[in-house]
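Asks: Keeping the supplied structure of chain E fixed, place chain Z upon it in accordance with the hints.
There are 2 protein chains.
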Amino acid sequence: MNSSSSSKTIGIIGLGLIGGSLALDLYQKGHHILGISRAHQSCRRALERKACHQVSSDMELVRGADLIFLCTPIGSIISTLEAILPYVSASTILTDVASVKGVIVEKCSMLCSNFIGGHPMAGNARTGIEAAQYNLFRNAPYVLTPIETTSVESLEVMQDIIAELGAITYISDPYEHDRSVSWISHLPVMVSAALLESVNSKAEPEILELAKNLASSGFRDTTRIGGGNPQLGLMMAQYNQEAILDSLINYQQVLQEITDHIRKQDWISLETILQRAQSNRPDFLRD
Amino acid sequence: MNSSSSSKTIGIIGLGLIGGSLALDLYQKGHHILGISRAHQSCRRALERKACHQVSSDMELVRGADLIFLCTPIGSIISTLEAILPYVSASTILTDVASVKGVIVEKCSMLCSNFIGGHPMAGNARTGIEAAQYNLFRNAPYVLTPIETTSVESLEVMQDIIAELGAITYISDPYEHDRSVSWISHLPVMVSAALLESVNSKAEPEILELAKNLASSGFRDTTRIGGGNPQLGLMMAQYNQEAILDSLINYQQVLQEITDHIRKQDWISLETILQRAQSNRPDFLRD
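Chains E and Z are the protein sequences, given in the same order.
Using this note's numbering, you'd call the opening residue of the first sequence number 36 and step up by one each time.
Using this note's numbering, you'd call the opening residue of the second sequence number 36 and step up by one each time.
No lab work stands behind these hints: they were computed from the structure.
For clarity, every value in this text was computed on a predicted model and none was experimentally measured.
Some hints here could point you the wrong way.
Claimed, not checked - Derived coverage of chain Z by chain E (criterion: at least 3 residues anywhere in the stretch with Cβ under 8 Å from a Cβ of chain E; other residues may be distant):
1) 172-186
2) 200-213
3) 217-225
4) 228-235
5) 240-250
6) 268-276
7) 306-313
As the list claims (entries may be wrong) - No farther apart than 25 Å at their CA atoms in a straight line, the calculated lysine-lysine pairs in the BS3-like style are these:
8) K142/Z <-> K299/E
9) K85/Z <-> K43/Z
10) K43/E <-> K85/E
11) K237/E <-> K299/E
12) K64/E <-> K43/E
13) K299/Z <-> K237/E
14) K299/Z <-> K237/Z
15) K64/E <-> K85/E
16) K64/Z <-> K43/Z
17) K142/E <-> K299/Z
18) K237/Z <-> K299/E
Backbone N, C-alpha and C fix where the C-beta goes; we use that ideal spot for every residue, glycine too.
Same shape as in the complex, but just chain E:
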């Protein structure tokens, strides 16, 4: 356990995979961790796992915190922020971990001048405090989305914390963040879900039956994120509607080009696209 010279009091609201994993790492780095969860079981486990020093289901626990992470589901962020405002001083930094930033940053910044949007891009398919783990964020991108009114000091505090987590800071405009994640996260969910839906709803019964028997790793990988938690996909569409529509429309144009090449037997154009896909893909693969 390292006792940092700049030890802070950190509130974490929502002790699921992300909140719990932040708590574990930051506890170990010597910060004083205040955990909030409505579920008593999560509070108890957070203490047992040494993720938090104090826990409560009462928001008042975060009074006096230097920094507060809002780690609730995206639909509860605004109401959670409103609920803790009475216990937040002017110097308290507030941040969130939602995967969409434009709408969230806009609303939260109106409620609190010391809010800075964040998106740690780590996770796995598990949920809850039991899924929380050390080093979840190590080497993962962590996007911060400061706006005009964000203070340099708050930004620096967040960058120090991200460095302690071993994550890699990216600074972005909130809406540019949303357009980027639409391309590499939200659009792929829809593309992948559409694959499952189309074969299930459009293939004739005997073709579908054989397809189910023959499907292997290619189909498994291409459908993985489309077959994930429906609530996450829905949330992406609801909170990032404009960007996801734009990328869907662009995607459909490309798919139509591919279809036209195949229909016209324009194999050279099809091959060019497939070659470009192969040569461009490594740019998207970190390490």
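Replies: Same frame as chain E, now just chain Z:
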């Protein structure tokens, strides 16, 4: 090494991943393996690796074989079959391993009455005799596509060989096979390649740059097969044009429905599709 009581002389033309892996397993099962490759290096390695008892770049080597596997790239199957016909007796069974069956079976059956189409659904990203491995086909589907004129005896021989490989036999009409693999293998390649092409060609430079930094396992998995060997994707489109066009058009309809739901904020309909994707996906996953 098991010496089978029904030991056969088996010709394998094309000593790459599939041909080489078939050779390794069938050699070990006690069959006498005759390997053909134009590359002397592949022939030499096939002997060294105990994949073949005899090798040659001359097709005449397969004279007298009970069974011959055509394991060349799909574009060379017909010409290879023509080249070996002088050395094939009426009792010799010919089979191929191509991933498209309709066109191949039609043409090969005209050239040779004892041809039976096959598609072992195994492989990995590697190629060549060095990539060949034991048990590549174990527990994998192996589709046979007999037609009206296929003899019961030939089908039985193939089923016995597939059982020796530890693979699972599926019997299908050649064109129904092609429609099934279009859904679970060929369509996904186009869907996945279109994802790479659209973000690369349609995202603004600064959005693309951030997207590359933020892309993680979701994007990696969804683009894996689209970023694979362009020649394979091209071959799928060329040899399975009708089925792939049909599945592309059906897919586009579903994607348009999803886009419409998002545009109209019809979250209930979107959620229904996402839920169905989640609940249907396990049907496609063999363990």
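Asks: Does each hint hold? Answer for all of them.
Replies: Going down the list of hints, with the structure as the test:
{"no.": "1", "hint": "172-186", "verdict": "holds (count 3)"}
{"no.": "2", "hint": "200-213", "verdict": "holds (count 4)"}
{"no.": "3", "hint": "217-225", "verdict": "holds (count 7)"}
{"no.": "4", "hint": "228-235", "verdict": "holds (count 8)"}
{"no.": "5", "hint": "240-250", "verdict": "holds (count 9)"}
{"no.": "6", "hint": "268-276", "verdict": "holds (count 5)"}
{"no.": "7", "hint": "306-313", "verdict": "holds (count 7)"}
{"no.": "8", "hint": "K142/Z <-> K299/E", "verdict": "23 Å, holds"}
{"no.": "9", "hint": "K85/Z <-> K43/Z", "verdict": "16 Å, holds"}
{"no.": "10", "hint": "K43/E <-> K85/E", "verdict": "16 Å, holds"}
{"no.": "11", "hint": "K237/E <-> K299/E", "verdict": "24 Å, holds"}
{"no.": "12", "hint": "K64/E <-> K43/E", "verdict": "10 Å, holds"}
{"no.": "13", "hint": "K299/Z <-> K237/E", "verdict": "23 Å, holds"}
{"no.": "14", "hint": "K299/Z <-> K237/Z", "verdict": "24 Å, holds"}
{"no.": "15", "hint": "K64/E <-> K85/E", "verdict": "12 Å, holds"}
{"no.": "16", "hint": "K64/Z <-> K43/Z", "verdict": "10 Å, holds"}
{"no.": "17", "hint": "K142/E <-> K299/Z", "verdict": "23 Å, holds"}
{"no.": "18", "hint": "K237/Z <-> K299/E", "verdict": "23 Å, holds"}
Every hint from the earlier list agrees with this structure, and none is contradicted.
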